[in-house]
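Protein chains in written order, with the working numbering: chain A, 2 to 407; chain B, 2 to 407.
Some clues are possibly wrong.
One copy or two, it doesn't matter: identical chains are merged, so the pair holds either way.
[Unchecked claim] With a straight-line Cα cutoff of 30 Å, these simulated BS3-like cross-link-like pairs (lysine-lysine) come out: (1) K282 / K348; (2) K233 / K255; (3) K311 / K201; (4) K282 / K304; (5) K184 / K144.
In case anyone wonders, no lab produced these hints; they're calculated from the structure.
Number of protein chains: 2
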Amino acid sequence: MLTCNKERLDDKIKTFSKFGDTGKGGITRLSLSPAALEAREEFCKRCKALGMEIKTDDMANIYATIPGEEGLPAIMMGSHMDSVKQGGNYDGILGVLTGLEVAETIVTEKIEHKHPITVVVWTNEEGARFDPAMMSSGVITGKFDKDIMLASRDIDGITFKEALEASGYMGNIENRATAEKYKALVELHIEQGPVLEAEKKDIGIVEGVCGMVNYEFTFVGQADHAGTTPMKYRKDALFAASKVIQYLHDELDKLDSKLVYTTGRMNVSPNIHTIIPDNVKFTLDARHQDPEVVKQVVEIIKKVPGVVEKCEVSCKKLWARNTVKFYPEFVHYVEKNAKEYGYSSMKIYSGPGHDAQFITDIIPTTMIFVPSEKGHSHCEKEFTPLESCVKGTNVLLQTVLDIDKS
Amino acid sequence: MLTCNKERLDDKIKTFSKFGDTGKGGITRLSLSPAALEAREEFCKRCKALGMEIKTDDMANIYATIPGEEGLPAIMMGSHMDSVKQGGNYDGILGVLTGLEVAETIVTEKIEHKHPITVVVWTNEEGARFDPAMMSSGVITGKFDKDIMLASRDIDGITFKEALEASGYMGNIENRATAEKYKALVELHIEQGPVLEAEKKDIGIVEGVCGMVNYEFTFVGQADHAGTTPMKYRKDALFAASKVIQYLHDELDKLDSKLVYTTGRMNVSPNIHTIIPDNVKFTLDARHQDPEVVKQVVEIIKKVPGVVEKCEVSCKKLWARNTVKFYPEFVHYVEKNAKEYGYSSMKIYSGPGHDAQFITDIIPTTMIFVPSEKGHSHCEKEFTPLESCVKGTNVLLQTVLDIDKS
Chain A
2 MLTCNKERLD DKIKTFSKFG DTGKGGITRL SLSPAALEAR EEFCKRCKAL GMEIKTDDMA
62 NIYATIPGEE GLPAIMMGSH MDSVKQGGNY DGILGVLTGL EVAETIVTEK IEHKHPITVV
122 VWTNEEGARF DPAMMSSGVI TGKFDKDIML ASRDIDGITF KEALEASGYM GNIENRATAE
182 KYKALVELHI EQGPVLEAEK KDIGIVEGVC GMVNYEFTFV GQADHAGTTP MKYRKDALFA
242 ASKVIQYLHD ELDKLDSKLV YTTGRMNVSP NIHTIIPDNV KFTLDARHQD PEVVKQVVEI
302 IKKVPGVVEK CEVSCKKLWA RNTVKFYPEF VHYVEKNAKE YGYSSMKIYS GPGHDAQFIT
362 DIIPTTMIFV PSEKGHSHCE KEFTPLESCV KGTNVLLQTV LDIDKS
Chain B
2 MLTCNKERLD DKIKTFSKFG DTGKGGITRL SLSPAALEAR EEFCKRCKAL GMEIKTDDMA
62 NIYATIPGEE GLPAIMMGSH MDSVKQGGNY DGILGVLTGL EVAETIVTEK IEHKHPITVV
122 VWTNEEGARF DPAMMSSGVI TGKFDKDIML ASRDIDGITF KEALEASGYM GNIENRATAE
182 KYKALVELHI EQGPVLEAEK KDIGIVEGVC GMVNYEFTFV GQADHAGTTP MKYRKDALFA
242 ASKVIQYLHD ELDKLDSKLV YTTGRMNVSP NIHTIIPDNV KFTLDARHQD PEVVKQVVEI
302 IKKVPGVVEK CEVSCKKLWA RNTVKFYPEF VHYVEKNAKE YGYSSMKIYS GPGHDAQFIT
362 DIIPTTMIFV PSEKGHSHCE KEFTPLESCV KGTNVLLQTV LDIDKS
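Chain A extracted, bound-state conformation (with noise of 0.2 Å):
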């Protein structure tokens, strides 16, 4: 079978890893960030020699191309460049160098296709620099709207329209990705998970990305002195939101067992050891790729009683995600391509977001994962061993290949 070139690939990854350099294992490159465009112009340094055709559409997103039978639509690979703060060499350029890895060997080694292949960088996908996340895909598919995007600031005050009118990367909007113009999406990402390290598999074939819900929860009591009030009197909000979230693991536990859950934020007021707390807050974030199972935790939710240890407690819905799922016929591609070179996989659900889910709604798209050691992603410790990235590129590439055919 077709397979990639493993020391290119590393060349690719570690010549990238420079653009941002933390110094300590990982790289602080926000979106348009000098860093950024260091990145970006090394990436069209490449597909120029490779005799791609770069456009950028006004979200600065670039497409860089290898021609293909004239008329037909293109199929994409890629993914994003930009990272959170201090965070690794993975998340997001793995996807742009395995699809530029993929265009390298389908150019160097002449291999026959008939839709054109493009290499697609998302502008700020992390959301790190300007809120939010997977921007310029979500604006090119409608979900945020523009204008307010381009207001976006980030915390020297800098909007992203003046980040974008400097990047030199703004182009013209009829370049955006469009059905017409493109036939597909494949984006390979870390899992960002230990799920497939854990399991010893060499590729996540992604079905789709999981449907979640935020809820913050309240609990109001009142600030009495630590050591007046007896016990009987007090009204300890600590103590009720303890109770809530025990009643929320005993509860959420009996759900289907791929459902996750986090109650990762709690903020106590007045939060001084010699007061009672009378304002607690938590958020819950839960996540499961069937409908049905949110529907079943916000039904849990919801029987959380108004009063709990003579706390009244409130919940509001912060924000929610229906499950996306990704188009069959490439997953099934990833999955035949996955054991025909031999690898060992699994179906799996994307927990984060990604571009792809966006992109989805107008193209049919596909992921690929592979794994993430230990789980590490979004710190300087993310890795993914070079082994593991060949293997996604080889699936990635004859997955490419089976759509062109298809």
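Use these hints to put chain B onto chain A, whose structure you have.
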């Protein structure tokens, strides 16, 4: 029976409420601040008008004395005049003003007494401007090192020494309260809790100050992504902390019903809704009058397992205070006098600390509590009805006269 003057006491409370008035029903009268110096000036002016002799010691504690028979030690009444930020008009200051009213009654009614009668003002009881609380009673009883106290800084970087020297109230070390010079201290104070009001009692016969322990628990888990980490791989430090809070409630509730315990401060890290908390700390403050019960609390704390929900649990003692018992003869006078005036009363232990608990180490001491409306204290809503203040003052007057005769 002898009684104090209600209108005069009302005038005192209203007058002193102006010094540091927040305009919202309370005061901010930090130690040795301009507002506190105004209060000291008014206090000294009123004492001088009664013919009292005023001395200050090296910690700016003020001793205003009505002469008695030569060679006899004085009987002290009093408390502090500083407040917390946005505090109330009763905490501390009521002990000074009721002492002043007793002195005024003795002087104007020409009530016979053998011993000199002193009204004392302790400097920096709250510790709200200069840490720690009860600083000056602590220094003169050898609890705190004076040099360390002098170096304590407020948020503007001013040292206690600088504030002391600028105040005009720094006197001679020889004026400190000692067992030779003082026969007794009686400190009237608001309860700062809801018990007297709830039990419909006029007077709290304070037998002592509760012993206490303060521990900090730390839970170390693993910070993983909320969307990618299956429940079985998680080490959720907040869930572990919630379990231990429940355990503490379950076990501590089995101990004596007078035990009070509080988990007042909790900090969650990284405190992001999409990340599993990997570090949670909370404090446990527990108080009881019986050292045996405090010992049982510590045994329960020690039984918390080292690993809970796969998170490492540790705990350390932040501080502790032994139970302080007041002078039984004086406690008895308070009880007898409340009864003789026809006031309802109950025995009580103080949860919070007071200057009296330090002074009792060198001079026989007791306290008298009056009710706090709804238990509010250290806030602008702090309130004790005038009628309750008068009852407390009468008991204070008669108790001082009983001590004089004893």
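Hint check results:
{"no.": "1", "hint": "K282 / K348", "in the structure": "neither (36 Å within a copy, 38 Å between copies)"}
{"no.": "2", "hint": "K233 / K255", "in the structure": "between (33 Å within a copy, 13 Å between copies)"}
{"no.": "3", "hint": "K311 / K201", "in the structure": "between (49 Å within a copy, 23 Å between copies)"}
{"no.": "4", "hint": "K282 / K304", "in the structure": "both (18 Å within a copy, 29 Å between copies)"}
{"no.": "5", "hint": "K184 / K144", "in the structure": "within (20 Å within a copy, 80 Å between copies)"}
The structure does not agree with numbered hint 1 stated previously, though it agrees with all others.
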